[in-house]
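Engineer: The task is simple: from the sequences and hints, build the whole structure.
So the sequence shown is numbered by the working numbering: it starts at 56 and just counts up by one.
Simulated from the structure, these hints should not be mistaken for laboratory data.
These numbers were taken from a predicted model, which means no experiment stands behind them.
Please note that a few of the clues may not be correct.
What the hints assert, rightly or not - Calculated cross-link-like contacts (lysine to aspartate or glutamate; reagent style DMTMM-like; alpha-carbon spacing at most 20 Å): (1) K222 with E247; (2) K672 with D644; (3) K638 with E585; (4) K638 with E651; (5) K638 with E606.
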Amino acid sequence: MNTFLEKLGNIQSNFDNELRELLGRMERYEKREAENTKELKRLHEDVEKVNMELSKYYHKQEEKVPYIFDAPGRNQYFSGRTRELQDLQRILNLDGTGLERKVCVAVCGLRGVKLEVSPNILKFLYDVTTQHVSAAVVMMTRRKESKLVDEILNLHKDRCLSLKCLKEEEAKQFIFCRTGLTRDDNTNSVAESLVNELGGLPLALEQAGACIKALRCNLSDYLEQFQTERLTLLRREKANRVLFFESPERLAVHTTWLLNIKHIRGSQDGEHAIRLMNAYALFNPNEIEKELVNVGERPIEDKAFRDCMSSPLGCRQVVKLLNDFSLFTYVHAHSVSTHRLVQELVREDLDPEEKAKSFVDAVRLLSFAFSKCVSPKHLLGNVGMEERLKAYDLPRNHSQYYLWSKLCFHAFHLQQNMEKLLANPDPKCLGSLFVFETAKVFYECVVYLSANQKQEEAKRTLNFVYRILDWVSVEEYDTIQNSLSNNSLFSFHVIPLPKWLQIVIKKCFVPPMCPLQPLDQKPTESPDLEGDIDKLKLKGNKNFIDGLYKEAIDAYSAAIDMSRGTTVFNALLLTNRASAYIKLNQLDDALKDANEYISRFPDCWKGYARKALALKKVSAGIAAALAYYYFYLKDGRCIFSEYKPFKGSFPGLKERISICHTPNDLLAILLSQESNTQECLRVIILGSKEYILEMDMFLPVVPMKNCIIIGAKSNASITLKLEGNTLLHLSENCMLANLSFAIDEGQIIGLGGSFVHILNCNFTSNSDNLAAVVTIDEFNAERCNFTNCKAGGLLCMGPGGNMVVDDCTFSANVRFGLEVRENGILTVRNSRMYNNGLDGLAIGPRAAKCDAFDCQIYNNAREGIAAVDDSKCVTLVRNRVFENYESGIFVRNSEVDLRENKFYDNEAWGIWLDSYYRWNVSMNETFRNQLGGVRVGGKRRTGEELSPSVVELNTSHDNFGPGYVDSVYSIDDYLRFPKTSGDCKSAKYDQNVEYNNEERITGKQCRLCLSCCSACFRKFKDLKQCGNCFTAGYCNPNCQKRHWLKHKKLCMVLREKSSFLLSSLTKRNSHDEMVLKAYIHTISVDGVGPKYSPPPPRDGKRFIVKVQLDFDRTISMIGGTPYTLLIYDRSLDVLQTIQDDFIRRLVKDFGVLCERKFREKKLCLHCAFDKTGELRFFINDFADFQKW
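Structural biologist: So this is what it looks like as structure tokens:
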């Protein structure tokens, strides 16, 4: 029985144990369920927080979009149009979302009613509507709805709004509002008659209302004057027997304009106002800057006009007079505009002599304005590589050429008006039309066009300038000759401008941005605001002490929102709220407040302390160390014992912190680091302005092991100089933060087995052979700048090199910006590589892997990206690669994956693949590249292993060459098999798009010279050119003979300006000559050699040569010395290699892409041998392309 009871007791005990275990397990499960529920709730809150931050981010991104133009203010007399405004609102919200449009574009001027819409306008509209689904495009035109819908893609008739003349009641309301007259039965009846006479035209009503208000007359008197003036106009038309009578609408505007002119003429300073208006009729009507109100350069002859314009009061009075009569309208405080129709009426009212006088006035006003504004002409001329790199980063105002660019638009209008005058020349007045200032003004257009890559237009305008110089009166020839000879007017051989100069000039076209004024005026600060904020702060402090952290955050947030942007904002509210966030474990919010406080007070410990508590691990230690430093500086106390939240939070950190004030202190610590471990990193804080480290030349190494060096200033203003050959070796676990390194001939090296992190540092290096920083193991760089490093900025090498680069800048380095090679692995994100002397991003040889995401790579002197020589696993996604001197990306025998990138405005190809390896090119966009969009080479021949390469879903448009080129072979293949043809297999092409690409075609060389005779100004298709300068052209020998007495004084100077003298030819040895002829044979040039043509003349007569660009790679492959340019005539008597940047630019911008479609271009030039035997190229126009 006892045994049974004992067994039963054991069973009961076991049961009780199992029950307790089950109950404990259930309790644990319930606790875990509660924790999971809490975690899910926290994750849900985090998701909401992320979504909120994203919405704020996108909102900020939208706020950063700059204004393209300043919209004019609303007319203060605007009335009516209620129905039209409702229709416009309906159209803008036609998608039914009710959301505000993110992109709104206004387009004005679709080339009238009868002309075709400009291709540029169509392309612009296509780009906007396809890339911005929510865009609203507002087009203003006189075209009919049906025609507009047919011409413009994605435009529907229900989105068209027709604005017709004002209805009678709206027009009367406008008249009374504009004139300020009282409305009664009598005036209402007269106003109705006036509105009917004017046809409800807004411009006519505006001019009539302005005149009535300025003269303070009544409606009846004005109506009588209007009817009389209109009859006069009609009689004049009948008397002149015009072919086309004015439409009623135009007649109404013409009449109101004449009445206003009549009254202006009778006013004080009226004649000066009329003269100014006549000149402005030749300018761009949309914006006439205040700088154009001047006395002119050379001053206009009328002394009374000069006296008036010399006085600020006189200038304002003249402009006010024109504005009062609505011939001018203020755009803003610094410019006015005029209506296009008003300009037409002014020009039509002038006789030929008055037109010439007004043209000269306009030229002199514009020349004066140009002389007073900052112009890029001082940058013209040749500079070396270092000067070019410095020019990119000059601390210049990005708006300094904005006014100059606006004035150039006026010069374009003047040029168009001069061409119209030349189309119907009047011998009586044409001679007075040409003044020296005209050439100076048009030369500004030449520079502007070339800076904007309009090289043909720039060259044509430059030839026009030379022709104008030949037309100027003889009295000015001495001035012209001196200006041309000493190069003070037009610099020698700068058009086309160098690429770097184009970029620098365009950088400074940015309109000066003024802060936007809010629509609603901000409320004035309440006198009790400071007291209310203090109450909220005290409330938050009390809640924090009581442990009510959420309520404390609410109180602090209310105080911050109430005071932000006012004079009583208290930044301590940020640190208080950060402390409350930390208590609730909302660390991201705490970090945000801490960083904002640090940005306001970078030398205060409070922000760093909150930041340390909000971060983890190493980053928290750095912030804590800086808090310790600034707390100690304040009153000599230790934050770890004085600041309660730090007690126990950073064990052992105080003992590991060292503050170094001198270079000797720093060296002493670095040279005694053997006891440092990876778990307990030494933290060194540098607070002095500069530290100079210079080691013995026989032992130049400064070791850094398991150590963190921090600059006390967050703006990296503390400099650490490595003098001489000093090397900084980083081993095991190291970190550098907030420092600027100035390296002489040494280097910073991340050794094998190390993990290095650099944060917010700057690097420069003077070494010609060593990159500033190199690593062969784990390495992270974040928010760093590598600039002005002679041998390159940052280099990753294998076999252990694994580098991550995030938000860094690589600029103005003499060689590469960022480089990975020899089995190195690189990941780069959100970084910028620009203005480097070679490639922005250099991959290879033999890089193991490279990933680049969301980077901007531009303005590099060679390729933007180069992946070469057995580099593997290269992935480039969402990068923008533009304005590089060669191709956007060049790939040679490497494996690449290109997705969603943009390659544009590069000097060679957007994408050039010259590889047998596999590549994938998908969803990229290439546009405005000089040689073309995408060039693919290196395919397999039949019988060899096929490449699985893919080119799909790409878009190539608006390139100055073919959109896609599928070459038979790579460069290497072409040399081995120059004449091989047959069945070749290509990459897979699928759903690629190309449009509007322009490839220069042989035999269709554009004509760049003016077709007007230099003597009689008449237009002729084929003019006989002056046999010496080849700038003047004549329709017959009599004209040439008559003009010679005048032309001979400038002929030699114009010859120098329009030609290029090759002063020294490189002497060839027999081997080089053999190689050159082998090259000619290799590229399959037929019909050249002595048997096809005799040697060129040596008596000064012109002959044709071909100049070929970028054959250096091929020459070097077959054993020759690489050169930039090859020159040869058909007989090969002239067979020469040269290096000249100007001729290179000419061939690059005007040449024809060679048959192989690599990089070579050819340009046919006229040339002649001078008496000295030197070769002279004539560059004002080019020869037709020769097929030999």
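Engineer: Now tell me, hint by hint, if it's right for this structure.
Structural biologist: Do the hints match the structure? See the list:
no., hint, verdict
1, K222 with E247, "11 Å, holds"
2, K672 with D644, "18 Å, holds"
3, K638 with E585, "27 Å, violated"
4, K638 with E651, "19 Å, holds"
5, K638 with E606, "12 Å, holds"
The structure fails hint 3 only (numbered hints given earlier).
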